[in-house]
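Chemist: Chain by chain, the residues:
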Amino acid sequence: MNAAANLTEARLQPTAIDYAVYHSPATFNAEQENIFRGPTWCYLGLEAELPESGDFRSTHVGNTPVVVVQAADGTIHAWVNRCAHKGAIVCRSLRGNQADGAFVCVYHQWAYDATGALVGVPFRRGLKGVGGYPDDFDPAQHSLERLRVETFSGMVFGTFSSTVAPLEEFLGPVMRKYISRVFQRPVKVLGYARQFMAGNWKLYSENSRDSYHGALLHLFYPTFGIYRQSQESAGELSETGFHNVFTVSKPRGDVDYESFGNEANREMQGAAKLQDERLLHFMPEIDDDIGLHIQSIFPSVVVQQIQNTLATRQIVPYGTDKTELIWTYFGYADDDEETTRHRLRNLNLVGPSGLISMEDGEAVELCQQGTIGAEGKHSFVEMGGDDVRPYYAPMGMDENSVRGFWKGYLGLMGSALAEITAEGRA
Amino acid sequence: MSESIQNAQRAIDDFNAAYGLCLDDDRLEQWPELFVESCLYQIISRENVSNGLPAAVMYCDSRAMLIDRVVALRKANVFPEHFNRHLIGRAVITGFEGDEVSAEASYVVFQTRNDGETRIYNAGKYVDRFDLGGGTIRLNCRSCIYDTLRIATLLATPI
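Heads up: the protein sequence lines correspond to chains B and Y, in order.
With the first letter of the first sequence counted as 1, position 238 gets the number 238 in the numbering used here; the numbers rise by one all the way through.
With the first letter of the second sequence counted as 1, position 123 gets the number 123 in the numbering used here; the numbers rise by one all the way through.
The set of hints was computed from the structure by calculation and includes no laboratory data.
All values derive from a computational prediction rather than experimental measurement.
Incorrect hints may have been included.
As a list, the in silico DSBU-like pairs of lysine-lysine whose alpha-carbon atoms are at most 35 angstroms apart [what the hints assert, rightly or not]: (1) Lys322/B <-> Lys188/B; (2) Lys125/Y <-> Lys273/B; (3) Lys377/B <-> Lys125/Y.
To spell it out: a stretch of chain B is covered by chain Y in this simulated footprint if at least three of its residues, at any positions, have a beta carbon under 8 angstroms from a beta carbon of chain Y; those stretches are [unchecked claim]: (4) 27-36; (5) 196-205; (6) 272-285; (7) 341-351.
Where a beta carbon is used, it is the ideal one built from N, C-alpha and C, also for glycine.
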């Protein structure tokens, strides 16, 4: 029996998701169509990665290879990295600068400009009157497939959809407010890390929205005696439910983390002491008390500020059990050397080796491995209720935002999943 | 080749062999002792180094921070059970300055998890500065510059 056969509608609720959705190839393919190439905006990168005309970056929207590039007039364009002739990859580098603005496929040297327009075809009229294309060959009909591109606060997004609302509307006021918080002033990229998980992209999307696991899976803070019940946390969702932001704040007016180290801390058994506390040093640099800000923008990016680390995490789904997480670390353009060094030290907390984040990679793989052969069985997502609320502040002990993700997901996938189910039964 | 260079070559190759076995034999508590107190240890992608970008996945600019890493790994972090196996090539000495010797060496780390398969987990090179003063050899600085852009699952144990 194939995986889809057991995908039942009763097992597709925000509180109960059939484990088949992590394993079914049909579901994966439908997600590419309905979500990543559907009415959503997918993260393409940062404007700070494309500072000069001709700068480009190869990326993906879902599993589709896409190039984002700054054209000579300063506008940003994105196109599918697939030659209109034979489907070959046109741009073979991860990043660079194409000073003359021409992207040439190596196979037959079809050339495209930064906007994706076909600008050159060798031997278009043949050779010595033999071969070539007919007179009515129209290069304009053979451009690269283009995406709509919009930016917000320095983040670049693209979409295949001609009907999706403008980016700002797609994000909504709450998400925009928090993105602007992190991108409060110009940023500079500090580097990348790529983490490959043998798990489904949705397991990571749930993970980044799941405030329940924080202090339970990630034991670094409690191990070193750092667990502050006095910290305030809050979760906010977009109106659609599928974006969320989770923040943890220090008590107001408290500038130094250590000064409230004595207040209501729960020391774990056998607590160790950090030998070098610079690792955890926090320099408030945004005009609020937020020390942790994790924001998941459906479907493919997480924006974070944790201590003084700033990053985007782009989710690239290559297959049902193949997901890459591309961490782009940044600081502010006006950071001095000491501030940059401090960020590098703080970065020990996050990323694939992050002292408070590495476990997420393991959690995703454990869920993937544990749900093999479990089609027709389902998860249980009822921590903190069975509804989706726009705001909650219960110390994070709530799966509200995970339910929000599934609500949005099912809204986009509902009929496709029903078809997969029907086909499976047929 | 002068005698001092030959001595340094032998000392560094011996050191690297012992360094790899220290990690692979799970004697992690001894690992920070291979560094001077005000050391720099980092694991950084070749992608970042090539592009002049400083962000590392592990960045410890004191021996104390190495100790914190080991304590976290033992007590806090959750990761797949695994064995690592370092193969470290012969070092190439790139500079001499007093007691400090610069050197580079290629490495490969194989990883075996509970499924029993051994995979190439991380390949790259060490870019090092050794302190050979006082009759001992320790690392002032070790940058593990990895080619393997994709880190499989996560990176817990030092390279």
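Chemist: For the region 27-36 of chain B, count the residues whose Cβ lies under 8 angstroms from any Cβ of chain Y; is that count three or more?
Modeler: violated (count 0)
Chemist: Do three or more residues from the region 341-351 of chain B put their C-beta atoms closer than 8 angstroms to C-beta atoms of chain Y?
Modeler: Answer holds; 6 residues pass the 8 angstroms Cβ test.
Chemist: Sort out whether Lys125/Y lies within 35 angstroms of Lys377/B, counting only the CA atoms.
Modeler: violated, 46 angstroms
Chemist: Within 35 angstroms, alpha carbon to alpha carbon, are Lys125/Y and Lys273/B?
Modeler: holds, 32 angstroms
Chemist: Decide if the proposed pair is consistent with the structure: Lys322/B and Lys188/B, CA atoms, cutoff 35 angstroms inclusive.
Modeler: holds, 30 angstroms
Chemist: Tell me if chain Y covers the region 272-285 of chain B under the three-residue, 8 angstroms CB rule, please?
Modeler: Held - the region 272-285 of chain B has 6 residues with a Cβ nearer than 8 angstroms to chain Y, which meets the minimum of three.
Chemist: Per the coverage rule (Cβ-Cβ under 8 angstroms, at least three residues), is the region 196-205 of chain B covered by chain Y?
Modeler: holds (count 3)
Comparing the model with each numbered hint stated earlier shows that hints 3, 4 do not hold.
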